[in-house]
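Protein chains: 6
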Amino acid sequence: MANATSRIAADIDFDRQGRQSGYLRAPLSRNTSGWGIVEIPITVVKNGSGPTVLFTGGIHGDEYEGSIAVSELARTLDPAAVQGRVILMPAVNIPAVLNDTRLSPVDGRDMNRCFPGNAKGTFSEMLAHYLDAVILPMVDASVDLHTAGHSGDSIPSTNMHHIADPVGMARTLAAAEAFGAPYNVVFAGVDEGATLTSSVERRGILSLGTELGGWGRVNIEGVRVARRGLRRFLHFMEIVEAAPDDDDPKTRHMQVGDRACYAFAPSAGTFEPRNTVGQSVRAGDPAGFLHFVEDVDREPVEVAYQRDGILWMSAGPGRVARGDTVSVVMTDYSGGKV
Amino acid sequence: MANATSRIAADIDFDRQGRQSGYLRAPLSRNTSGWGIVEIPITVVKNGSGPTVLFTGGIHGDEYEGSIAVSELARTLDPAAVQGRVILMPAVNIPAVLNDTRLSPVDGRDMNRCFPGNAKGTFSEMLAHYLDAVILPMVDASVDLHTAGHSGDSIPSTNMHHIADPVGMARTLAAAEAFGAPYNVVFAGVDEGATLTSSVERRGILSLGTELGGWGRVNIEGVRVARRGLRRFLHFMEIVEAAPDDDDPKTRHMQVGDRACYAFAPSAGTFEPRNTVGQSVRAGDPAGFLHFVEDVDREPVEVAYQRDGILWMSAGPGRVARGDTVSVVMTDYSGGKV
Amino acid sequence: MANATSRIAADIDFDRQGRQSGYLRAPLSRNTSGWGIVEIPITVVKNGSGPTVLFTGGIHGDEYEGSIAVSELARTLDPAAVQGRVILMPAVNIPAVLNDTRLSPVDGRDMNRCFPGNAKGTFSEMLAHYLDAVILPMVDASVDLHTAGHSGDSIPSTNMHHIADPVGMARTLAAAEAFGAPYNVVFAGVDEGATLTSSVERRGILSLGTELGGWGRVNIEGVRVARRGLRRFLHFMEIVEAAPDDDDPKTRHMQVGDRACYAFAPSAGTFEPRNTVGQSVRAGDPAGFLHFVEDVDREPVEVAYQRDGILWMSAGPGRVARGDTVSVVMTDYSGGKV
Amino acid sequence: MANATSRIAADIDFDRQGRQSGYLRAPLSRNTSGWGIVEIPITVVKNGSGPTVLFTGGIHGDEYEGSIAVSELARTLDPAAVQGRVILMPAVNIPAVLNDTRLSPVDGRDMNRCFPGNAKGTFSEMLAHYLDAVILPMVDASVDLHTAGHSGDSIPSTNMHHIADPVGMARTLAAAEAFGAPYNVVFAGVDEGATLTSSVERRGILSLGTELGGWGRVNIEGVRVARRGLRRFLHFMEIVEAAPDDDDPKTRHMQVGDRACYAFAPSAGTFEPRNTVGQSVRAGDPAGFLHFVEDVDREPVEVAYQRDGILWMSAGPGRVARGDTVSVVMTDYSGGKV
Amino acid sequence: MANATSRIAADIDFDRQGRQSGYLRAPLSRNTSGWGIVEIPITVVKNGSGPTVLFTGGIHGDEYEGSIAVSELARTLDPAAVQGRVILMPAVNIPAVLNDTRLSPVDGRDMNRCFPGNAKGTFSEMLAHYLDAVILPMVDASVDLHTAGHSGDSIPSTNMHHIADPVGMARTLAAAEAFGAPYNVVFAGVDEGATLTSSVERRGILSLGTELGGWGRVNIEGVRVARRGLRRFLHFMEIVEAAPDDDDPKTRHMQVGDRACYAFAPSAGTFEPRNTVGQSVRAGDPAGFLHFVEDVDREPVEVAYQRDGILWMSAGPGRVARGDTVSVVMTDYSGGKV
Amino acid sequence: MANATSRIAADIDFDRQGRQSGYLRAPLSRNTSGWGIVEIPITVVKNGSGPTVLFTGGIHGDEYEGSIAVSELARTLDPAAVQGRVILMPAVNIPAVLNDTRLSPVDGRDMNRCFPGNAKGTFSEMLAHYLDAVILPMVDASVDLHTAGHSGDSIPSTNMHHIADPVGMARTLAAAEAFGAPYNVVFAGVDEGATLTSSVERRGILSLGTELGGWGRVNIEGVRVARRGLRRFLHFMEIVEAAPDDDDPKTRHMQVGDRACYAFAPSAGTFEPRNTVGQSVRAGDPAGFLHFVEDVDREPVEVAYQRDGILWMSAGPGRVARGDTVSVVMTDYSGGKV
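Line by line, the protein sequences are chains G, H, E, V, R and D. In case it helps, our numbering puts the first sequence at residues 1 to 338. In case it helps, our numbering puts the second sequence at residues 1 to 338. In case it helps, our numbering puts the third sequence at residues 1 to 338. In case it helps, our numbering puts the fourth sequence at residues 1 to 338. In case it helps, our numbering puts the fifth sequence at residues 1 to 338. In case it helps, our numbering puts the sixth sequence at residues 1 to 338.
Treat the hints as calculated values from the structure; they're not laboratory data. Be aware that a few hints might be false.
[Stated by the list, open to error] Covered, in the sense of this in silico footprint (three residues per stretch, anywhere, with C-beta under 8 Å from a C-beta of chain E), are these stretches of chain V:
{"#": "1", "stretch": "44 to 56"}
{"#": "2", "stretch": "140 to 153"}
{"#": "3", "stretch": "169 to 178"}
[What the hints assert, rightly or not] Here chain R is said to cover these stretches of chain D; the calculated rule only asks that three of the stretch's residues, wherever they fall, bring their Cβ under 8 Å from a Cβ of chain R:
{"#": "4", "stretch": "36 to 48"}
{"#": "5", "stretch": "65 to 77"}
Where a beta carbon is used, it is the ideal one built from N, C-alpha and C, also for glycine.
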């Protein structure tokens, strides 16, 4: 059994009724602590019967809004109000969270490129394996909360992949509407197959992702959308009875499909964008200008949009490397395969 | 003579008429290049008689708006339109600029804590010495362009220190109005004495600083303010005749004085702010909440403003360390010493 | 065949009679030596017929007592006095030994978490594979010598896991008595499955481990126990005729079972213990106090023992991280499964 | 299918007629670019029918001659003159090329020890997998261009392994003669099984390697041999009609067999060689002297050749580590298995 | 004035009556916090009139006993029981304390080789300057608490330098007796001139050092000696009235003079000592043996004592480098200049 | 006195007759050895009366020829044959020598940019200070042996600066002829003022430098020139009577003056030179071509010589950075100021 082979132990019992909070204990030898342990926070709230939902934040260490919202819900969710089970992991990749970086400082890996993981692999692979092999088999629906981190900014939004089964597709679109971010993006994934979302989908679990901001800052609106969305999602799953508030957010379904939605930096330089996320843009207009402040007399290079739409993501750090994505444009969802 | 002792050579002649662009050649031994050179871009535009102005960007490597505006002006300023001399250095601390960090990767130093520098010291100290000992003696007015970098965000603004001499003070306030950022902040400096501004002021040179954004992104409005401000400043100095545009920006004079203007993080954590820069805030209201997503069951800590005013700067990276500044509030300038 | 696939070559012949000393040659590309080799010392003493014993030291690079004793025996063991074969590897993980660290500086791995290894993996995995796939198939009994390294201190002792087969269990207990450390600990392993001991046991080979000191120093008594124990163990295996000395050391059988034997640091701090290894302790008594010398006015936290017994291991570096083990208590062996 | 699982995408179409140049796009998350891409240059020239040849340079990042020659051919090869397909990859291991090191700075691996690679492994493993699983299935003949890098110097030469099939062996010898380096070395490989050459041979593809210099410098003659050799090889493969020049280089077939061809440094020190590559040497003569400039009064140690022959490779960096190869002697090819 | 130029600010008032605890705020720019602050704990207890005493721990980051004792006294000393002023700094070099290393991770410096410091220098130099220029001018007597850290072990002891003035010498010997460690060592300093003690002595302040253990562990007896010693020292200075306990510890005055008191490692290896600190040793007897576990067949090297006496310090990490001190022998104090 | 303030101690007596070999003992705190020592080899041979000569090698750690020759002379020079004093330091910058790099791994500094040094500075500065303040005051003539290291190659040669005093100039030219390298170069120094040579010249000491090879390899001819040159220099100084051999090498005096002697890399790339050192070159001819193997379709850039002459130095590592020197041309010495 996959569970048996993980080196990670949980000090909570996933089957017990009520609220438990504690830590996964993941072994990590250090030079001064041969039996060293990394503690990964986890809260389980279980009551009566009903589905199991997994909320994850901090798969990347510099994406804060989800971590804050999941952590807050973990402290405040009343077991009595729950029918089913909620597993809350606000800071999954804790070495990266404490290091404030996307990649883990332990093994230099992007944890969201390590799935389905490896129980005998590096720390990130071991952790990915635990989620895939131990946690996911218990789960009916998953929301994995991200932002653009230090890579750029994103307009608060949920996202999902196209699903071949029309029932599953419809239900996921409905779940996104329930979450209630301003936009929901159906997209062809980046590096599919190695992400948590891929593992979730492989198991046929209802799956949502989010992008709630970026630039390495905490987006105030992003936190608000996450807080409300998590509670609304529990209501959608019929785990809690009451929706979190009276307002009725409208979600616009969008899509990001082929490579024309993306603009890339043709070389290293300082990228000055012309738009912020959420603005409407037009093909042929400048996405921005690449400046070469290290060279005298070298003219800036214009990078153009290749599609009309709304700006989903934009470059973050002013200094970009060759090949970096500097903008992603989304268009209204056409209803088909992306 | 200080000039004579610098190991840095310029391949331009500061006294020649017309436009020259080239590089300072600063020696830096590498393991594979014993006579290695670091090239620092510099443009000098000189015509007729008139004062000398120095525009500097990139003292910190992750503050892009000033670098872009100075670089653009260096490529486009018409010598025929100039009366006097303009020295433009868009990427002073080039090792940090190419590394996209505040600190220099060569010696780990913050160049803006190295002034007046040392011709025999580390690379950053050698560079600071060149500016102080070789460049500044030629200069009548200086604008050093900064942002909050990755440390946070700032509302586009100029800044200056209080000057004892009323004439100098009035002239600097007028220069700030000419630059035309939305705000101009008179403040008691951070780490005074070791900054470029300190070196400038020690020599009695007219001095302005700027804060034009931050969060590690290029602030679109910040670039616009810088572009317009540099040209307007040249007009103020009577170096160029025409002001850059017709609009007449209004600058509000503010001040940041004692420690009550600042709020600090009492411990390490994830800081969720409640305001963005430019908003009005009130003493006692929460500046934000420090979350501990790595701990289950630990309550967030509120950090409060201690003064009414407008938010000048706010925390950048979501993850803050103990002692980090998370907000700086400015109030209307009272006219006296700050 | 596993042997065939290893990239490591031995310059000795395991089947030749007499004493051979030489090196395993393990390939490791460096930037300045593409065909670079890491030499791992090995001595084989073979004579007549009889079983094969493996003595290993230096699996961790900062555990010196075993390395010294195995190295000394490798230089001095007289082939004429041997019936059988003795394989002596005093510094298995030589990159870590030369670096004086638990983890390998080549790949950052704890070699004793890499078994059964991987011939195509990282350097530590390749090395673990060689031991598992090439050396162990020749071996009848193994003693792997450890200490607590920089993680803490340990009372000189042998250790073993519980073995289901009563004959094997009795024989291992007898072997431990023969070795003659003051204590022999039957314990449920840490990170079982990835250690050399696990590989040894999987093959049904008689297996002993040792803990002979720690704190990063050479424990004088630990070296003495190891020197005597290795020769006594050869006598027990009927490989050498004479026992090494006249005294008859008594070994007390102990056990470390459930988690109550361990005390953990609840957070990072400076840990002041109240006992040294070998002392009797009582449940509820303080194992020590966690001090927070970086904070003014924060009270120390007491960490208590949860079981009566004798202190087997204690925290080493004064500065501990959250989750670190600060004490391990052993109790008299009850004779059953631990 | 192996192809399907690679995370690397090519922006060229291997089946299209004519000349295409572009990049493989290999994903590599960075802390500031989650969707970061590493671009690996590739040119395909295809015309009519005929075999496919692969030319690779830059598997190691400090071996320049092959990179230069392949890059030049990629820019200048006229599709109209081609019958078949030529795939040109001048800088395969681009992170190492840009870092000027043998090993990749991304994962610390020697890419030429990573074959057949792993689509889910480290960056070097992923890259090796792409070559093995996507590129090689299209290829009929391969020339992988190397030098001794910073590990030493080599006389410009091709090399190959012994091939059991006499037809294949004869054809490879003929191919080497066609390439036209001064020497062609038949040798028992170093670390066989994990190199690109091993992957090529496993698939029964015609395979040549080269050694064209070293010492970290660009060898002028090495570039000349490579330039001419690549075009002559295309002629040999009947892909281009005209041989590149009139001269008719003669290739001497040599061999490097057992360990007596190699001399090793017995300890760390400064190695003063007595010969340069291409010179005749005799067994018993000094290959050089190991000096201990860090010790007063320690005599140098002589390292002797153990075989008569011609010096193929010699130590590069003056400072050698214990176990480093300091000379490799080749002898005339005897015609049999090496 | 030296005081004026320090960039470090204290949030306590050294002249106020009563107990204050707070932090020195030392600026340290980070890439993500340009105005970052390092907080250094400090407590001042002042009452009535009387001398000022300075207690410092944590000048080196891996010397715990003094930090614990000073921290505890800072939390518990009753101002009402004090006549005079006690300045307590339990963790002076806080970056090293948090990093658990002797050297500062900020600048790689040994702070106790940086005195009298430099207000514009590296972080360690800036910190040393603050102690020398701001703190010491207020101080009448100083106890700087050390251990052997990871460099070895030491028998709990105070230490001092020979003082030319007989009155000062007698008073310092009396102060050491009052402190009450088992030994007090008069010695010719290591690296004199750059230590805190040197700065203290240059100002004519009564000065004691301590060595209270080492090996990177917390020495239980060392903490006990420190706790008692600090309170007894306050009594000696007539700052507190009551001595801390009834027992009357006896201190033996010793000396460490010329180089014959030291034994050095002649080369790198694993050092097995023959004695622990506090034992009597004889010239010519082995201090220990240097083992070469990385070499087969290389005999261990004996390192001998060169003087009769008692072992003050012994080597710590089993692995020593060439030139490392492996033992220091002390002899009874002869009463004269050492 | 400068001597008194150095922290470095010599275990030899510079005034004693006969041959002494030993070490300078330079303190360097490590995390595991607070009183750690770095040993720097030094030999002094003194007899009768006569001048003092200093031979230094290893100021840079990857320049081997001088180290070998000085080390050999230090072992073999017969005191009976000497009239005067010879100080031999074959590996001055021993941390860099052991690290095989130009820069010191201890502080990242190029020691030959640290003169006249600083007794309280970093390790390299402390070492430079010792040479300047302790050694040089004893010295009448100095030969500092260098090569181009990993920065390129050089034709074996001596070098010197122009000296205003005609007697000193003539004597230095004569000394160079005596040394007997194929070329002697009079040049305007690189980074004058911070080199050992600068310190030597400031004191009016007869001064020669050498360049004996490079590319990180040991140049066989370079060692031969150094061996012979050192003994011939002693003869020139009338310290030894016999010249080392019968042949009478001829030295051609050359000069390297203005910037036109140098060619620089206009950007980063792979530099293919067209000449090796010692060849005649002509202004306008290509020094080489800069290739961009990382880009498809980017044409190589030609770098041209700007002066006729003989190639003194050429680029070493194939990969060059922007601003790197790729060739230095020398012309026949015109007899005047360079």
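Checklist entry - Taking each numbered hint in turn, which are not upheld by the structure, reported in ascending numerical order? => result Going through the list in order, the structure violates hints 1, 3 and 5 and respects the others.
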